[in-house]
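*Asks:* Now for the letters of each chain:
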Amino acid sequence: MSILVNKDTKVIVQGFTGKEGSFHAEQCLDYGTKIVGGVTPNKGGQTHLGQPVFNTVDEAVKTTGATVSMIFVPPAFVGDAVMEAAEAGIELAVIITEGAPVKDMQMAKAYATKHGMMTIGPNCPGIITAEECKIGIMPGMIFKKGNVGLISKSGTLTYEGANQVCNEGFGITTAVGIGGDPIIGLSYKQILPMFEADPDTECIVMIGEIGGDLEIQAAKLIKEQITKPVVAFIAGQTAPKGKTMGHAGAIVSGSAGTAKEKMEALEAAGVTVVVSPAEIGAAVTKAMAKK
Amino acid sequence: MNIHEYQAKQIFKKYGVPTPKGIMVESVKDAVAAAEQLGGPIWVVKAQIHAGGRGLGGGVKLAKTLEEVESLADEILGMTLVTHQTGPEGKLVQKLYIEDGADIKSEYYLSVVLDRKLEMPLIMASTEGGMNIEDVAENTPEKIVTVPVDPSIGFQGFHGRELAFGLGLTDKAEQSNMIKLASKLFKLYMENDAEMIEINPLIKTGKGEFMALDGKMGFDNSALGRHPEIAEMRDLTEEDPDEVEAAKYGLSYVALDGEIGCMVNGAGLAMGTMDTINHMGGTPANFLDVGGSANAETVAKGFEIILKNPKVKAIFVNIFGGIVRCDRIANGIIEATKITDVNVPVIVRLDGTNAPEAAEILKNANIANLIVGDDLGDGAAKAVAAAKGN
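Residue numbers (this note's numbering), protein chains in the order written: chain A, 63 to 353; chain B, 8 to 397.
Hints are all accurate, no fakes.
No farther apart than 25 Å at their CA atoms in a straight line, the calculated lysine-lysine pairs in the DSS-like style are these:
1) K36/B to K102/B
2) K322/A to K124/B
3) K124/B to K251/A
4) K124/B to K282/A
Simulated from the structure, these hints should not be mistaken for laboratory data.
Next comes chain A alone, as it looks inside the complex (with noise of 0.2 Å):
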């Protein structure tokens, strides 16, 4: 088991044929996954990586029977891509590139809710289940199948947690990467249940950052509703007050948003706070030896 993608998933990629859509749809395709075809407008009918090109997302998906985008094309055209998958029903739509207007995502987000289609991103590095299914820029052999549940605002942080979790022995359900732009699709409260129902899933790490709130949402739907052990990170506790750290999400203003208030939170709610992501792998074979 794992949640929301597996080897059955069926995706498309919108920006298919892009420099970058093409050299990560073929990583995905040497991974497994079911990429089922792309989307480039003017490109219909063609043939890219042994997959159909259509000029359309409603076309894509009424032939191929898709549920899944991921989303490639420039920053500018990211909004546009978004309420495209929405409107033709797809269910999940993955978006890596990284610097899309924030206004944009605020629409494009508001209508993705509005037509029941979850999203993942923008500027991630996408969601990949161990060894059935990756949607997403990760390099996929460090995630080994096992029975810990990640999910990360940080793309490089994902992978220093996974690899530690599977120094460990251990490995990986599902890898989550949430990214860390102000506007961003699923978060920490919608995965952490899904985390929680997989039965798979015996232990959840969970990465954040300073900025915004998103972690002391998490800390009270934990304390409620999750019974599986969670080990959090959160980085940003040297960073200094009001800079952007690379996120443009990450930043400290006034007192909200430090990793200190978000880290006493976890705590309060029972997490294992680790002080380095050095520790992650550390306090995984802890929580895994206590059950």
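With the hints as your guide, set chain B onto chain A.
*Replies:* Then chain B, alone, in the frame of chain A:
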């Protein structure tokens, strides 16, 4: 991206948001000429820097004669202004805004920001104008009115009424003035992909009209491509020169005041690396994200920027290759040692895509000062030890 007050007021003017008349100048002579042109009888001489709290720091002063304009311009131009937002090092004042004095009956606060929880813009207003809004939020939160505006319906009459009644305005003309002003501000916010617009203080004149006495605006960097006229307002002298230089090479750099230079891929891992160093008793000298397309040139540039800081006693390169291939980083490190004089220990931890090839490359290069870290914890520990001279 932030802009100056005088630039914000140009945009206000375009949207019909009333402001006092003013002229931006860069010399004392022009300051006097501007004051003459404005006519008086009173003027405000205002330092133009990208930081709040200018008044308290002595960067905004009232002049009643042209002689006073001259002496104040002379005093403020070229001063290093320290406010609660500049940090202790302050900011050099290179521009002034000479503005007409205004008839102030009362002061308000008005802003539009993104509410991340609601995922839509939020109009915030208060009767406590001229104060630090964070303090108002902390001490008297009941004095702040917040009105979220769903962009799909835009600014409606009810939004305006919530604001006007929330601010306790009873005069119908004043209510109408406030509603019109908020509507214009929201339009400005949406049309220009603003991140934040703040007017503090927004004044009410003796005639019951509202006027923006100050203006602060920030814009979404990701959307600047479709607003070239705003992108042109960028003032590079207001930004850290090292950060600007780094950005040219796709590097995201922020200077800190510790001793261990960091070069990492990904913002999250970069912050996590700083945290790990700190936890092990060391101090990070910087945040540096080399991004997804790092190559030999960018890595070499990263070394150069880090080494400009004389406090740096060791460098920790921490890469978990996903899209970034470790062998490219390894070659970059070798290039860097050829171009730049790397005179401090460099601790390198390379994991992920092509890590074994990278290890081989570094081993064969035989670089003095290079120490290999096995994982994040090991690398950070070695960097902390190296910075302490062990």
